[in-house]
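K.L.:
This is what each chain is made of:
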Amino acid sequence: MADRLSPLEPVYRPGNHGNLAGGAGVVLGERQPGSIVQLAVWSGQERPALAVMLDVTGMRLPDGAGSGSAREDIAAFGFAPGRFLLVSEAEGLADRLRAALSEELGTVTDLSHGRTAFRIAGAKAEWVLAKLFAIDFALAAFPTGAGRSTSHHDIFAQIQRSGPEQFDLYVFRSFARSFWHTLCRAAEETGYEVR
Amino acid sequence: MLIPCPYCGQRDVSEFTYQGDGNRTRPNPSSTDRAAWNAYVYDRTNPAGEHREIWQHSGGCRAHIVVVRNTLTHAVVASSMARARTRADRREPT
Ligand SMILES: [Zn+2]
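Note that the protein sequences, when read in sequence, are chains A and B.
Start counting the first sequence at 1; every next residue gets the next number (my numbering).
Start counting the second sequence at 1001; every next residue gets the next number (my numbering).
Treat the hints as calculated values from the structure; they're not laboratory data.
Hints are not guaranteed to be accurate.
To be verified - Calculated lysine to any residue pairs in the SDA-like style (CA-CA distance at most 20 Å, straight line):
(1) 131/A with 155/A
(2) 131/A with 67/A
(3) 131/A with 1076/B
(4) 124/A with 181/A
(5) 124/A with 166/A
(6) 131/A with 1001/B
(7) 124/A with 16/A
(8) 124/A with 22/A
(9) 131/A with 1002/B
(10) 131/A with 1010/B
(11) 131/A with 1013/B
(12) 131/A with 1012/B
(13) 124/A with 52/A
Please read all numbers here as calculations on a predicted model, not as lab measurements.
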């Protein structure tokens, strides 16, 4: 297994930061999943393509725009019409998916080196993210497992709610360090712990 | 202003890029009809009222959508996927 290098390395400071009067309101961290993969499905081929995804990953997505499912070892969600992001702790997911998916159904793109994965968890996670993105983070509007495509200024982000108080964010790797600064700054008010 | 993306739902206008008048029909690329090209490039209806226009949800799902917007009030009365219209124009099965 190759070493995984982080674009955050020079600025990643584990420990407690910001306003800790009420304890840390959120925990921030970088995840380093083994695979980040985009599945793009040709028009009208969603059902057979998602059946292949189920075969390969065991992930079954509910119907509907932005629907998804999150487990600790693997997560998937729709982020655009006919497009899905799959994130796995295991390496090699793109190869396994590509081998199983006919070109008649869609295409597989390995983004493992192109995205940086952040996790924000805690009672104030919705509050901190709502400072950055103009979307509704309330559980009723953004249920667990669901995904959203949005942006903070020009930094594009794909966000999945992976728990009632937990979100995973996928940001272009070249923007990751800048976005990490922004995320930390937004969390100063509530206090944050970096793990 | 909020724009309803058919995929993402209501989103702030800052996530979208305006792609122009949605009433134009592009001539066949091999056409040498100068009047048709002139109309495509320059003629705009510019209504004070409901206007059909193309937007891209560039800061979201990146889909192109057809929006009917009232230019006086900014009220959006309809939105749909541009790809659906393209398909209908080409009479392709969806
Ligand atoms: Zn959208």
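K.L.:
Against each hint, give a clear statement of whether it holds in the structure.
P.N.:
Hint by hint, here is what the structure shows:
With a C-alpha separation of about 14 Å, the suggested pair residue 131/A and residue 155/A falls inside the 20 Å cut-off, and the hint holds. Between the alpha carbons of residue 131/A and residue 67/A the distance comes to roughly 23 Å, so the proposed pair goes past 20 Å and is violated. Simply put, residue 131/A and residue 1076/B have alpha-carbon atoms about 26 Å apart, too far for the 20 Å limit, and the pair is violated. Between residue 124/A and residue 181/A the alpha-carbon distance is near 18 Å, which keeps this suggested pair within the 20 Å criterion.
Between residue 124/A and residue 166/A the CA atoms are separated by roughly 10 Å; this keeps the pair inside 20 Å, and the hint holds. About 18 Å separates the Cα atoms of residue 131/A and residue 1001/B, which keeps this hinted pair within 20 Å; it holds. In summary, the hint linking residue 124/A to residue 16/A is supported, as the alpha carbons are separated by about 15 Å, within the 20 Å threshold. Proximity of residue 124/A to residue 22/A is assessed by CA-CA distance (about 11 Å); at most 20 Å being required, the pair is judged to hold.
A C-alpha spacing of about 18 Å is found between residue 131/A and residue 1002/B, which places the hinted pair at or below 20 Å, so the restraint holds. Simply put, residue 131/A and residue 1010/B have alpha-carbon atoms about 18 Å apart, close enough for the 20 Å limit, and the pair holds. A hinted pair counts as satisfied when its Cα atoms are at most 20 Å apart, and residue 131/A with residue 1013/B qualifies at roughly 17 Å. For the proposed pair residue 131/A and residue 1012/B, the alpha carbon gap of about 14 Å is at most 20 Å, so the pair holds.
Restraint check for residue 124/A and residue 52/A: not satisfied, since their Cα atoms lie roughly 37 Å apart, outside the 20 Å limit.
Of the numbered hints listed earlier, those contradicted by the structure are 2, 3, 13.
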